[in-house]
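Novice: If you're matching positions, the sequence shown starts at 518 in our numbering and goes up one per residue.
Where hints are given, some of them may not hold.
[What the hints assert, rightly or not] Distance ranges between label pairs, derived from CB positions: (1) S540 / Q568: 31 to 41 angstroms; (2) K521 / T573: 11 to 21 angstroms; (3) Q522 / T552: 16 to 26 angstroms; (4) A574 / S524: 20 to 30 angstroms; (5) L559 / H539: 13 to 23 angstroms; (6) K521 / S571: 13 to 23 angstroms; (7) Q554 / V523: 16 to 26 angstroms; (8) D543 / K572: 35 to 45 angstroms; (9) T534 / I561: 36 to 46 angstroms; (10) T552 / V523: 17 to 27 angstroms; (11) S571 / E520: 16 to 26 angstroms; (12) K545 / S571: 35 to 45 angstroms.
Source of the hints: derived by calculation from the structure; they are not laboratory data. Even glycine gets a Cβ: it sits at the ideal position worked out from N, Cα and C.
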Amino acid sequence: MTEKQVSRYIDLVHRRTYILTHSGVDWKPEYASETEQIHCELEILRPLVEQLRSKTA
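Work out the full structure: start from the sequences and follow the hints.
Specialist: Encoded structure:
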């Protein structure tokens, strides 16, 4: 996993967490598509994260 991929993964998790914890009653329709896009990218990166975890364990 490259540094760029690690950084992207962290950014995606941060953005998704921010949307979910701060939107509340201010939920906007565009958040749904953004969180879906984030979810798809995270699914691609997650195997790389798991692979990295297994190397360090």
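Novice: List in ascending order the numbers of the hints, as given earlier, that are violated by the structure.
Specialist: 9
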